[in-house]
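With chain A's structure known, arrange chain B on it following the hints.
Residues per chain, in single letters:
Number of protein chains: 2
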Amino acid sequence: MPPKAYAVRGRQLSTLASQAHTLLTSDTYCQLLKSLKGPLSEDEAANVRLSQEDYDKAACLPASFVEALTQASSAAMEAWMQARKQNDYQIFAPALARMVDLKKQQAKLYGYEEHPYDALLDDYEKGATVKMLDGIFDELRMELPPLLAAIASKPAPDDQFFSQHFPKQDQWDFSLEVLKAMGYDFEAGRQDYSEHPFTTSFGPTDVRITTRVSEQNLASLLWSSIHEGGHALYEQGLPEDQYGMPLGMAASLSIHESQSRLWENGIGRSYDFWSHFYPILQARFPEQLKATSLDSYYAGMNRVESSLIRTEADELTYHFHVMIRYEIEKGLMENSIAVKDLPEVWNSLYQKYLGITHPDAVQGILQDVHWSHGSFGYFPTYSLGSFYAAQFLDAARIAIPELPVQIGGGNFKPLLAWLRKEIHQYGRKYRSAELCRRITGQEPGISAFMNYSKEKYRRIYQLNKPEM
Amino acid sequence: MPPKAYAVRGRQLSTLASQAHTLLTSDTYCQLLKSLKGPLSEDEAANVRLSQEDYDKAACLPASFVEALTQASSAAMEAWMQARKQNDYQIFAPALARMVDLKKQQAKLYGYEEHPYDALLDDYEKGATVKMLDGIFDELRMELPPLLAAIASKPAPDDQFFSQHFPKQDQWDFSLEVLKAMGYDFEAGRQDYSEHPFTTSFGPTDVRITTRVSEQNLASLLWSSIHEGGHALYEQGLPEDQYGMPLGMAASLSIHESQSRLWENGIGRSYDFWSHFYPILQARFPEQLKATSLDSYYAGMNRVESSLIRTEADELTYHFHVMIRYEIEKGLMENSIAVKDLPEVWNSLYQKYLGITHPDAVQGILQDVHWSHGSFGYFPTYSLGSFYAAQFLDAARIAIPELPVQIGGGNFKPLLAWLRKEIHQYGRKYRSAELCRRITGQEPGISAFMNYSKEKYRRIYQLNKPEM
Numbered sequence: 001m002p003p004k005a006y007a008v009r010g011r012q013l014s015t016l017a018s019q020a021h022t023l024l025t026s027d028t029y030c031q032l033l034k035s036l037k038g039p040l041s042e043d044e045a046a047n048v049r050l051s052q053e054d055y056d057k058a059a060c061l062p063a064s065f066v067e068a069l070t071q072a073s074s075a076a077m078e079a080w081m082q083a084r085k086q087n088d089y090q091i092f093a094p095a096l097a098r099m100v101d102l103k104k105q106q107a108k109l110y111g112y113e114e115h116p117y118d119a120l121l122d123d124y125e126k127g128a129t130v131k132m133l134d135g136i137f138d139e140l141r142m143e144l145p146p147l148l149a150a151i152a153s154k155p156a157p158d159d160q161f162f163s164q165h166f167p168k169q170d171q172w173d174f175s176l177e178v179l180k181a182m183g184y185d186f187e188a189g190r191q192d193y194s195e196h197p198f199t200t201s202f203g204p205t206d207v208r209i210t211t212r213v214s215e216q217n218l219a220s221l222l223w224s225s226i227h228e229g230g231h232a233l234y235e236q237g238l239p240e241d242q243y244g245m246p247l248g249m250a251a252s253l254s255i256h257e258s259q260s261r262l263w264e265n266g267i268g269r270s271y272d273f274w275s276h277f278y279p280i281l282q283a284r285f286p287e288q289l290k291a292t293s294l295d296s297y298y299a300g301m302n303r304v305e306s307s308l309i310r311t312e313a314d315e316l317t318y319h320f321h322v323m324i325r326y327e328i329e330k331g332l333m334e335n336s337i338a339v340k341d342l343p344e345v346w347n348s349l350y351q352k353y354l355g356i357t358h359p360d361a362v363q364g365i366l367q368d369v370h371w372s373h374g375s376f377g378y379f380p381t382y383s384l385g386s387f388y389a390a391q392f393l394d395a396a397r398i399a400i401p402e403l404p405v406q407i408g409g410g411n412f413k414p415l416l417a418w419l420r421k422e423i424h425q426y427g428r429k430y431r432s433a434e435l436c437r438r439i440t441g442q443e444p445g446i447s448a449f450m451n452y453s454k455e456k457y458r459r460i461y462q463l464n465k466p467e468m
Numbered sequence: 001m002p003p004k005a006y007a008v009r010g011r012q013l014s015t016l017a018s019q020a021h022t023l024l025t026s027d028t029y030c031q032l033l034k035s036l037k038g039p040l041s042e043d044e045a046a047n048v049r050l051s052q053e054d055y056d057k058a059a060c061l062p063a064s065f066v067e068a069l070t071q072a073s074s075a076a077m078e079a080w081m082q083a084r085k086q087n088d089y090q091i092f093a094p095a096l097a098r099m100v101d102l103k104k105q106q107a108k109l110y111g112y113e114e115h116p117y118d119a120l121l122d123d124y125e126k127g128a129t130v131k132m133l134d135g136i137f138d139e140l141r142m143e144l145p146p147l148l149a150a151i152a153s154k155p156a157p158d159d160q161f162f163s164q165h166f167p168k169q170d171q172w173d174f175s176l177e178v179l180k181a182m183g184y185d186f187e188a189g190r191q192d193y194s195e196h197p198f199t200t201s202f203g204p205t206d207v208r209i210t211t212r213v214s215e216q217n218l219a220s221l222l223w224s225s226i227h228e229g230g231h232a233l234y235e236q237g238l239p240e241d242q243y244g245m246p247l248g249m250a251a252s253l254s255i256h257e258s259q260s261r262l263w264e265n266g267i268g269r270s271y272d273f274w275s276h277f278y279p280i281l282q283a284r285f286p287e288q289l290k291a292t293s294l295d296s297y298y299a300g301m302n303r304v305e306s307s308l309i310r311t312e313a314d315e316l317t318y319h320f321h322v323m324i325r326y327e328i329e330k331g332l333m334e335n336s337i338a339v340k341d342l343p344e345v346w347n348s349l350y351q352k353y354l355g356i357t358h359p360d361a362v363q364g365i366l367q368d369v370h371w372s373h374g375s376f377g378y379f380p381t382y383s384l385g386s387f388y389a390a391q392f393l394d395a396a397r398i399a400i401p402e403l404p405v406q407i408g409g410g411n412f413k414p415l416l417a418w419l420r421k422e423i424h425q426y427g428r429k430y431r432s433a434e435l436c437r438r439i440t441g442q443e444p445g446i447s448a449f450m451n452y453s454k455e456k457y458r459r460i461y462q463l464n465k466p467e468m
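Going down the list, the sequences are from chains A and B.
Residue numbering for the first sequence follows our numbering, starting at 1 and increasing by one per position.
Residue numbering for the second sequence follows our numbering, starting at 1 and increasing by one per position.
This is chain A alone, in the form it adopts within the complex:
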């Protein structure tokens, strides 16, 4: 967007948001919903129930509040970009403080039983609470550090081969090949370039993804593309005949993230996947990869190491990045952390959990856009998604015993069909935890993720059982 456009874009978004809110909370709509009592099919009943849920929630917020929130978000977005440009958190702080105030108001307007943050979490992940997340992150704080310590005691695999010259077009073509194999429908979507990869859906027949490419780093494109491809496969798999209805929407952010993480990490960083694709990749980049064996390539892509940027973290330390943001958001909402103290809180948490200190604000506290959007309660869904992904992958392996062989042969159809059948087709019918129980027979939790991680990294780092 051109730099001078922000003010007008803010007005436009705020007008649209308040119009949408007015429609969603109108008496006419409320009466219509209440009149839908006749004999309803199971799906119809679910659509009515979920629409009522959305109505009840939206009705808590006056239109003026929605407009104020949207405007504050545009202002905060602009301040965030300015702050990044000048590498100065103080430029962002006033807009963030205003946003935090509004989010506290929002929590009050929604109402909550135990913790104000619960009310905000509910916007992104129905049923998630501080109590539930504290439980999950407590477990993680217990279980992850021993594994990380064991890994740190071993020599790190080399990943220098990623940092060579890889021509853009060849990378691009390879990513298209991978997406096609995954089952992404290019008749109902497309891939484009952007600085920050994302997926955007206009309905299951129009789901677009973007990715980034660096000619100096092969890793930049590959897993972005697979990650967004996972999101897109979910959106393309939502029931077309439910478009516009709750059952035509994704179950939740965490289930969405479970799909992207399952493909990105569970599949896209697996040995089986690359035993099929690595020869193809080598054929595209014969000079660059001739000295790197499949085993070295696989180990390199799974190198574990504390790092500065959440979106570039490995699949283990990633969750400490998320946990730090969770602790901060919770603290802001319960007034145990003040916006002005954030940089110190940030630094001390990063020291404590990852043993690192960010050299500046841009690479540190200004690295994520979420707070400027007012997205408080969003981050935890990233970790929940990874944990669900591990649980789902276990279930898929039980349902499809030949899965490893299929993946190793570049055949992803049975896996996608299973995801479509178990997850995609239901849209929002089941909440995350319920869906998890239906598919796996287990409660949501981190044990599948920890088992998967221990098994995987034991081999790569040649860890002995006791070390873990």
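If you're looking for bench data, these hints aren't it; they were derived computationally from the structure.
This one's a predicted model, so the numbers in the text were calculated from it and none came from an experiment.
Do not take every clue at face value.
Since copy identity is lost for identical chains, a pair holds within one copy or between any two.
Stated by the list, open to error - With a straight-line cut-off of 16 Å between C-alpha atoms, the simulated EDC-like cross-links for lysine to aspartate or glutamate are: (1) 465 / 143; (2) 290 / 56; (3) 4 / 158; (4) 340 / 88; (5) 126 / 113; (6) 126 / 434; (7) 126 / 78; (8) 456 / 272.
Only chain B this time, still in chain A's reference frame:
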């Protein structure tokens, strides 16, 4: 857009159109408008008057009709693309017939005094009527053929030099240089690639243009870029404080087109312009252009010749392309032409006015997207725009006697300032004809355009006065 997306996009557009229509025609809005009677400034009064005009017009159409029209337009768009793919007009014909029916209904719903087409013209050009356009095109049918005949009697200037290899990036960079010189604000806009060039505005601080590039033809990019730049300068010049109000909008389609044509043809195909830019262009493409002098380059870009595609026509024969479409639309609306007979009508008109026959439907009757959009009454504004452009340029030359020297020196600031002062700042305050009278003291007409054309082509083709 991905091919499977059309159906859902149709539903989305139709929902938005009917929502917008409902808001625009609501009693609340109507009452609000009526209550605005207090002491109003001149601009406020104009905003109220124009808003009332829009309300009255929109109130003629039931929401169900607006929705039907939007849906028919999506269906027609898809049929048009299918028809183009298979090079078969009959695939498009049923959807076009449905669209023509709806447009006749729309004319009835609007109401009209003399001709049903008048009601549709009014959507694109307030105050335009069949009577007025018949007058203008009658004159054109009288005056243009002798000039074209004189030109045809002379040897055509060579334009082969355009058809060489011109690397994409160099063309792109040159177009940016030209746009910057014209005064296009890249902080409030950007240029991107697309198959069909267009301008889109989200407010004066966010006006984006697209252009096309062919490495085999330099002409493809250059005048598209300048043309869209002309549109964009108008949008960037609209008063920011009137954003969202009628006075924050362009006066009309013809005035919009006058801005793009003035820059594209009046300036961008002038000798003065290229006496500044040609050495710069030559420096970018020294090998390709070393054998072509400024005079040959100038003559080549102004080669006149009957051709198949409207958007690629020279600035004289172009108006016969428009006139043919005008005659067809008028005939469809008064039932003197039937949709099924269109290909024959098309061919006989092209034979009559341009002496050519299209080899197939794709290059012929399927070449424009407008009818699939339901845009009946749009084409004439292209010609009106050219005629206004000639009138405005005459007025600018009188107001700024140094204009030719400025253009020759690459200084477009005084011209842009004049356009801003005389046209852009007023938004929709004056209708096209009224604006023309204010600026030029003349009625709208073709004489300025004919004088400009005779003068220009007399020199290029070395015509003698009597021949013209």
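Violations among the numbered hints: 2, 3, 7
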